[in-house]
Amino acid sequence: MPGTSPFTRRNVLKNPLARMLPIHGNQQMSYRLGETHPPSEGLGEYAPTWEVIEVGLAALGGAQARINLQRKFTLLAIAGQSTAAGFEGWFKAQFFDVNRQRRMSNRGSDLYLFGGSNRNFGTPASAPLGWFPLREPYVFDEPDSQILIDVRNLEETACVAQIMFYGVALRFNQIVGDTSQ
Amino acid sequence: MFDDQFERQFFSYVVDVNVAGNAVQTPVQLQILSDADFEWWWSMVFRTSGSLKLLMKEQGTGRDFIGTTASGTGSTFNGVNIDLWAGTAVANAAFPLAVPYVMPATRVYSFLLTDSSGETNVVEIVLNGFKLWPRPESTQSAQSSMQPTSSSGQ
Chain L
732 MPGTSPFTRR
742 NVLKNPLARM
752 LPIHGNQQMS
762 YRLGETHPPS
772 EGLGEYAPTW
782 EVIEVGLAAL
792 GGAQARINLQ
802 RKFTLLAIAG
812 QSTAAGFEGW
822 FKAQFFDVNR
832 QRRMSNRGSD
842 LYLFGGSNRN
852 FGTPASAPLG
862 WFPLREPYVF
872 DEPDSQILID
882 VRNLEETACV
892 AQIMFYGVAL
902 RFNQIVGDTS
912 Q
Chain Z
579 MFDDQFERQF
589 FSYVVDVNVA
599 GNAVQTPVQL
609 QILSDADFEW
619 WWSMVFRTSG
629 SLKLLMKEQG
639 TGRDFIGTTA
649 SGTGSTFNGV
659 NIDLWAGTAV
669 ANAAFPLAVP
679 YVMPATRVYS
689 FLLTDSSGET
699 NVVEIVLNGF
709 KLWPRPESTQ
719 SAQSSMQPTS
729 SSGQ
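Chains L and Z, in that order, give the protein sequences.
Heads up, the first sequence is in the numbering used here, so the first residue is 732 and it goes up one at a time.
Heads up, the second sequence is in the numbering used here, so the first residue is 579 and it goes up one at a time.
Any given hint could turn out to be false.
Selected chain L positions facing chain Z (in silico; Cβ < 10 Å) [what the hints assert, rightly or not]: (1) GLU782; (2) ALA796; (3) GLN801; (4) LEU807; (5) ALA810; (6) SER836; (7) GLY839.
Sample of chain L residues with no beta-carbon within 12 Å of chain Z, all distances over it, derived [unchecked claim]: (8) GLU785; (9) LEU791; (10) ALA794; (11) ARG797; (12) THR805; (13) MET835; (14) ARG838; (15) PRO864.
Everything labelled a hint here was simulated from the structure, so no lab data went into it.
Ideal placement from N, C-alpha and C gives every residue a C-beta, glycine not left out.
One chain only, chain L, in its complex shape:
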């Protein structure tokens, strides 16, 4: 679909105060991605996709999981949560781009850094979470790409951890105009 930026289109009124909307700075940056990388720039046939892993972790235990990504999965944001009731549901995770053999961090990072405030979703009526939007999208453009996730529980109680990768992807049977894709 050509063009989706509502701010740069003819016959659309621009409110000069729009940039003062009280939304979080990261969200604004993420929203701007839609302007700098609009679907007309090649993402027109893509659809939003939330790839989720959910792992049960023993006390101080760990686990690994792989996600088989849909075609041309383009990672835009990461978030994580755990049921542990200890110190803010503390767990670490490392991500790997399997096909390119790339690590995405030099060591495991605390997932609450990605999850915003109040990670413990077992708490009723807790405040909604934040997430971590990538400043620039990361494209898994190798065929049959995979993300490998290594999760470590840092709590002394068992928990269920969930990590979400938000992005856009082509379906396996999607036909796009650009035959190079």
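Following the hints, complete the assembly by docking chain Z onto the known chain L.
Same frame as chain L, now just chain Z:
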């Protein structure tokens, strides 16, 4: 500046549902109105308990927006934790898609909600975006006919 011949009107599709305590995959459907396609930009959610999971599917194409290919719990995958998907604007947790998605008119979207709080969960899901109104032919032709006139007058 590009022009795709659509007028955009801000619009919100709102889905209200009460999920019974411990209910598994309670379905609720949203049908895009037949008058215009909808360009989805933001998601917002209010819920009374965060112990809630969500799956979203597109009827017609069979597209699963939320999925997993790995699960270490050995139990059925009931979706993403609702607070990872979206939250309220007040809490700075409205989720921007960054790359919008066009939902065709009349298409039906299914939300499957799973509660684990044990109590009735009052949920509201809001999809924000724009209705895509095709610009009338007369407006387009008027604009195109005006351009040569103004250029010839210069």
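Consistency of the hints with the structure:
1. Using the Cβ-Cβ criterion of 10 Å, the hint placing GLU782/L at the interface with chain Z is satisfied: the shortest such distance is roughly 7 Å.
2. At its closest, the beta carbon of ALA796/L sits 4 Å from a beta carbon of chain Z; the interface hint therefore holds under the 10 Å criterion.
3. Hint status for GLN801/L: holds, given a least beta-carbon distance of 9 Å to chain Z, under 10 Å.
4. Checking LEU807/L against chain Z by beta carbon gives a least distance of about 5 Å; that is within 10 Å, so the hint holds.
5. Below 10 Å, beta-carbon pairs count as interface contacts, and ALA810/L has one with chain Z at about 5 Å; its hint therefore holds.
6. Look at SER836/L: its Cβ only gets to about 19 Å from chain Z, farther than 10 Å, so that hint breaks.
7. Proximity of GLY839/L to chain Z is violated relative to the hint, the smallest CB-CB distance being about 16 Å (cut-off 10 Å).
8. Separation of GLU785/L from chain Z is inadequate, the least Cβ-Cβ distance of about 5 Å not exceeding the 12 Å criterion.
9. For LEU791/L, the condition that its CB be more than 12 Å from all CB atoms of chain Z holds, with the nearest at approximately 16 Å.
10. A beta-carbon of chain Z comes within 12 Å of the beta-carbon of ALA794/L; the shortest separation is about 5 Å.
11. Non-interface call for ARG797/L relative to chain Z: violated, since the shortest CB-CB distance, roughly 5 Å, does not exceed 12 Å.
12. A beta-carbon of chain Z comes within 12 Å of the beta-carbon of THR805/L; the shortest separation is about 8 Å.
13. With a minimum CB-CB distance of about 17 Å to chain Z, MET835/L clears the 12 Å threshold, and the non-interface call stands.
14. Against the 12 Å criterion, ARG838/L stays outside the reach of chain Z, whose nearest CB is about 21 Å from its own CB.
15. Non-interface status of PRO864/L relative to chain Z is broken: a Cβ of that chain comes within 12 Å, the nearest being about 7 Å off.
Hints 6, 7, 8, 10, 11, 12 and 15, counting from the list given before, are not met by this structure.
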